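*Asks:* Here the protein sequences line up with chains A and B, keeping their order.
Counting in this note's numbering, the first sequence runs without a single skipped number right up to 418 at its last residue.
Counting in this note's numbering, the second sequence runs without a single skipped number right up to 255 at its last residue.
Derived from the structure by calculation, the hints contain no laboratory data.
Keep in mind that this is a model prediction, so the values were computed, not measured.
For glycine and all other residues, C-beta sits at the position ideal for the given N, C-alpha and C.
Careful, some of the hints might be misleading.
Stated by the list, open to error - Simulated crosslink set (EDC-like; lysine to aspartate or glutamate; CA at most 16 Å straight-line): (1) K161(B) with D188(B); (2) K178(B) with D329(A); (3) K171(B) with E208(B); (4) K327(A) with E125(A); (5) K204(A) with E236(A); (6) K171(B) with D329(A); (7) K174(B) with E236(A); (8) K171(B) with E248(B); (9) K174(B) with D329(A); (10) K161(B) with E247(B); (11) K132(A) with E323(A); (12) K204(A) with E323(A); (13) K178(B) with E235(A); (14) K178(B) with E238(B); (15) K186(B) with D212(B); (16) K270(A) with E177(A); (17) K392(A) with E283(A); (18) K178(B) with E236(A).
Said to hold, decoys possible - Listed below are several chain A residues computed to face chain B (Cβ distance under 8 Å; list not exhaustive): (19) F208; (20) F230; (21) G233; (22) E236; (23) S333; (24) A336.
Said to hold, decoys possible - Using C-beta positions, here's what the derived DEER-type ranges look like: (25) G286(A) with L121(B): 53 to 61 Å; (26) L376(A) with A134(B): 28 to 36 Å; (27) R210(B) with G262(A): 53 to 61 Å; (28) K357(A) with R210(B): 18 to 26 Å; (29) P226(A) with R210(B): 34 to 42 Å; (30) L168(A) with F129(B): 41 to 49 Å; (31) N67(A) with L121(B): 42 to 50 Å; (32) I229(B) with L376(A): 34 to 42 Å; (33) N168(B) with A336(A): 13 to 21 Å; (34) K357(A) with V239(B): 20 to 28 Å; (35) L168(A) with K186(B): 53 to 61 Å; (36) F129(B) with S318(A): 53 to 61 Å; (37) I361(A) with V153(B): 27 to 35 Å.
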Amino acid sequence: MASIKYQNIYNWLDERVGLRSIEELARHKQVPRHNRTIWYYFGGMTLFLFGIQAVTGIFLLLYYRPTAEAAYESVKFISTEVHFGWLVRSVHSWSANLMIAALFVHMFSVFLLKSYRRPREVTWITGVILLFISLGFGFSGYLLPWNKLAYFATKVGTDIAGSLPVIGGPILTFLRGGEEVTGATLTRFFGMHVAVLPMVTAAMLGIHLYLVQKHGMALPIKEAREESQGKTIETIPFIPDFLYRDVIGWILALGILVFLASIFPWELGTKADPLASAPAGIRPEWFFVFMFQTLKYIPAKILFIEGELLGIAGFSLAGLILFFIPFLDRKSNDLKDNRLFLILGVVVILYIIVLTILGYSS
Amino acid sequence: MENYENGQSRRSFLNWLLVGGFGSLAAATIYPLVRFIYPPELPQAVQNSVVAAKTGEMPPNSGKIFKFGTKPGILIRTKGDEYRAFSAVCTHLQCTVQYEESRGDIWCACHNGRFDLSGKNISGPPPAPLEVFNVAIRGEEIIVSKKG
Numbered sequence: 057m058a059s060i061k062y063q064n065i066y067n068w069l070d071e072r073v074g075l076r077s078i079e080e081l082a083r084h085k086q087v088p089r090h091n092r093t094i095w096y097y098f099g100g101m102t103l104f105l106f107g108i109q110a111v112t113g114i115f116l117l118l119y120y121r122p123t124a125e126a127a128y129e130s131v132k133f134i135s136t137e138v139h140f141g142w143l144v145r146s147v148h149s150w151s152a153n154l155m156i157a158a159l160f161v162h163m164f165s166v167f168l169l170k171s172y173r174r175p176r177e178v179t180w181i182t183g184v185i186l187l188f189i190s191l192g193f194g195f196s197g198y199l200l201p202w203n204k205l206a207y208f209a210t211k212v213g214t215d216i217a218g219s220l221p222v223i224g225g226p227i228l229t230f231l232r233g234g235e236e237v238t239g240a241t242l243t244r245f246f247g248m249h250v251a252v253l254p255m256v257t258a259a260m261l262g263i264h265l266y267l268v269q270k271h272g273m274a275l276p277i278k279e280a281r282e283e284s285q286g287k288t289i290e291t292i293p294f295i296p297d298f299l300y301r302d303v304i305g306w307i308l309a310l311g312i313l314v315f316l317a318s319i320f321p322w323e324l325g326t327k328a329d330p331l332a333s334a335p336a337g338i339r340p341e342w343f344f345v346f347m348f349q350t351l352k353y354i355p356a357k358i359l360f361i362e363g364e365l366l367g368i369a370g371f372s373l374a375g376l377i378l379f380f381i382p383f384l385d386r387k388s389n390d391l392k393d394n395r396l397f398l399i400l401g402v403v404v405i406l407y408i409i410v411l412t413i414l415g416y417s418s
Numbered sequence: 108m109e110n111y112e113n114g115q116s117r118r119s120f121l122n123w124l125l126v127g128g129f130g131s132l133a134a135a136t137i138y139p140l141v142r143f144i145y146p147p148e149l150p151q152a153v154q155n156s157v158v159a160a161k162t163g164e165m166p167p168n169s170g171k172i173f174k175f176g177t178k179p180g181i182l183i184r185t186k187g188d189e190y191r192a193f194s195a196v197c198t199h200l201q202c203t204v205q206y207e208e209s210r211g212d213i214w215c216a217c218h219n220g221r222f223d224l225s226g227k228n229i230s231g232p233p234p235a236p237l238e239v240f241n242v243a244i245r246g247e248e249i250i251v252s253k254k255g
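Isolated chain B, as found in the complex (with noise of 0.2 Å):
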């Protein structure tokens, strides 16, 4: 009887043995690959700060998309000759958004979302304004920066 509990106890110890043993072995074989799947974090320079046109670039009422950072902008001419600049990245899905000059608002084709000129989401689906710009003209130069 004492010799059979022993016997069981010794195979219950194998078993965990070869189940730990093989899950180790698992566990150092998939984590590598899942670690590989996911690309290194590249140090990006934070960018604060671009300049996005040049005066003269642009006429009244219309908007150009510019680069800051890896993320798109948009830099806006308003009828009243005034700048303003938005992320361009819409807040319903990330797709670009362009200037409509027909309507004079900021218009994603993605779903149909519109912005004003405030950055305001006023219609469609997009759940958020846009994050507003500061525009600096410095002699020839629109510099456009984050606020804050």
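Just chain A, same shape as in the assembly (with noise of 0.2 Å):
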């Protein structure tokens, strides 16, 4: 009687809205299995992160102000005051930090497996969008607390987007609100931050999602090479098989938060106060440091160049090459070994890896 009634309001909304293609699209997708196998529950485990992200965010918002007068005292309240508000805030913390080191994995292991080859190239164009967005996000919200070390990693922040030729002054203004980084600057981040990033965020992951779905996992080059030859790669389905381990990880992953956010909570640090002098121990957050760490390197001058310029147009270079990498890797298309972008990749992150050690030695 019950199954008669669940496949009457199937056939219904099946007919209404397709549900069947929906089931499709969902059941179709196996996931292989080799000893990497896994790099593939990164993405999922930035998604359950980013999930975190949303329903704390939404929590935030309750008792946030997004004032100079009282976004600190606003924030305070939430950690002192407000039932279990220490806890939601510490996790929010921890696990937008988390998930930024979750989307750095997933990345580099899509780089190294050389995922991103064809038919994944807007896929991977997508997944860097989302980096950059995520690292946004990571930007405008650190200065929401409005905190001495905030305030200051804000000003120098901006001030190097600002110090671009010809676009830099416009982009300045648009970021700060103004000439100096004030309430104003507070207001447009959290704008930014609770409304603008977010949306742009859900068009971006439900194309990258559904991208992910429609091809599968990709195989590594050498199991790829294999299937070319006839030879047939083990597979797991997707759902149920596959979901059920991303749930196994993602408990532990919560596990761990709640772990971190009640043994170290967040700290809040002191107020903004645009008088005073730049604090000693000043650091952006961990994912910037490799870059802030570079500046310091560079001296003032490089023959006629000002030295920070040069070390912007670097980043901003290795940014546009992140975007166009499934386009000038065409080895890894024809299924061959590239040994040139496996150097490339490791450079990279080791680069990143001592930097930021020298950054938090120093």
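Hints given; two lone chains; assemble the complex.
*Replies:* Now the structure itself:
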């Protein structure tokens, strides 16, 4: 009886929204099994942590006030007065950092496994856009508690954009909502953080996930070669087998997250004061530290060009190259090993790790 | 044949009208929005001098940040009991500098830039010296003013 009813409801909905084709898309995906399957989990992990960000972010919105006068006090209120406020805020901050970490692992594993090759170029590009959006989330969210460290990090960060020739000035005013970092900047960053970026993320993430579902997981070059020679690669269905494994990872991540958030609650620091000197030990969030550290090492002038500008140009170029990776690596499309890209990936990873460590030890 | 050509030119004229019309509509919509994003420039009283501190407020070998217009300035009383004032905005990335008592120079914590007590950039990434201000003592007030 119950199953007949369920069948009726299913048929009714199917006729109107096409449930069967959605189910088809969800069911057809198979996940290949080989000794690098572990890297397939990090995309889903990033997605899970993003979900946590969305939920805790909406909760924080109930009490947060985005003005220079009230922001710091409202975050203090959340952390000290609101029931479990300290936990929600701490989880939001920790999850943000873990999400960026998972995202980096996801991106570099995709890079090293050459999963961006045909027909997944657009998946890669939407992924790179999502990376930049996430960094934007991090940068704008960092300012919201309106504390001293965030104030100067924002000052330096926006100034870097402002030092670009010609377009720098308008970008700086656009970001700051004036010439200086003030309450106007805070309100702007807030709007970006809770309205603009989430909307763009929803669109990009929708395309990204659709494409992942459409194309399935990419095989590493070696396995793809074997498959093209007629060997069958063992697979498991994405739904439900792989998804169950994903969920185990997510529960583990939730455990780690709540542990970190409770044992090491996120600090609030002291309130921003536009007239105070920059505090010693100032640095941006860890995922910007390697760039920050690079700027410290570049001398003021290299030949006739300002060192600063050279550094920014370098990082902009690196960002641009990142977008076009699938089109630059033609060898991988033909399932040939591309040693140059392997070395490039390893060098970039080492560079980021070494400069981040130097940034924290100096 | 002639009709065909007429038809072509009529079509291209209509296309042009359509593109032009929608283009103008888009421009008329986007322009106010772009202008909205940029904040209006409010008239600001140009401040050429300010009371930065009172005499006796600062011990020798110390520094103080004061507000000069919308930007911070730094007043330093040197070991040799001399007052000097500069813009406190680092010429590198506009962080606010501070007086480092142990070394007797001006330090920017953001990227480890240093300036000597004449405002000259001596190490680290700053590309230019700090702007130097005039200092005058009138009665109990230490007055800092822009040069020139």
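*Asks:* With reference to the structure, classify each hint as holding or not holding.
*Replies:* Structure-based check of each hint:
no.: 1; hint: K161(B) with D188(B); result: 14 Å, holds
no.: 2; hint: K178(B) with D329(A); result: 12 Å, holds
no.: 3; hint: K171(B) with E208(B); result: 12 Å, holds
no.: 4; hint: K327(A) with E125(A); result: 10 Å, holds
no.: 5; hint: K204(A) with E236(A); result: 15 Å, holds
no.: 6; hint: K171(B) with D329(A); result: 14 Å, holds
no.: 7; hint: K174(B) with E236(A); result: 14 Å, holds
no.: 8; hint: K171(B) with E248(B); result: 14 Å, holds
no.: 9; hint: K174(B) with D329(A); result: 12 Å, holds
no.: 10; hint: K161(B) with E247(B); result: 6 Å, holds
no.: 11; hint: K132(A) with E323(A); result: 10 Å, holds
no.: 12; hint: K204(A) with E323(A); result: 12 Å, holds
no.: 13; hint: K178(B) with E235(A); result: 10 Å, holds
no.: 14; hint: K178(B) with E238(B); result: 12 Å, holds
no.: 15; hint: K186(B) with D212(B); result: 11 Å, holds
no.: 16; hint: K270(A) with E177(A); result: 13 Å, holds
no.: 17; hint: K392(A) with E283(A); result: 14 Å, holds
no.: 18; hint: K178(B) with E236(A); result: 9 Å, holds
no.: 19; hint: F208; result: 6 Å, holds
no.: 20; hint: F230; result: 6 Å, holds
no.: 21; hint: G233; result: 5 Å, holds
no.: 22; hint: E236; result: 6 Å, holds
no.: 23; hint: S333; result: 3 Å, holds
no.: 24; hint: A336; result: 5 Å, holds
no.: 25; hint: G286(A) with L121(B): 53 to 61 Å; result: 58 Å, holds
no.: 26; hint: L376(A) with A134(B): 28 to 36 Å; result: 29 Å, holds
no.: 27; hint: R210(B) with G262(A): 53 to 61 Å; result: 56 Å, holds
no.: 28; hint: K357(A) with R210(B): 18 to 26 Å; result: 24 Å, holds
no.: 29; hint: P226(A) with R210(B): 34 to 42 Å; result: 39 Å, holds
no.: 30; hint: L168(A) with F129(B): 41 to 49 Å; result: 46 Å, holds
no.: 31; hint: N67(A) with L121(B): 42 to 50 Å; result: 48 Å, holds
no.: 32; hint: I229(B) with L376(A): 34 to 42 Å; result: 36 Å, holds
no.: 33; hint: N168(B) with A336(A): 13 to 21 Å; result: 18 Å, holds
no.: 34; hint: K357(A) with V239(B): 20 to 28 Å; result: 21 Å, holds
no.: 35; hint: L168(A) with K186(B): 53 to 61 Å; result: 57 Å, holds
no.: 36; hint: F129(B) with S318(A): 53 to 61 Å; result: 56 Å, holds
no.: 37; hint: I361(A) with V153(B): 27 to 35 Å; result: 33 Å, holds
Of the numbered hints given earlier, the model fails none.
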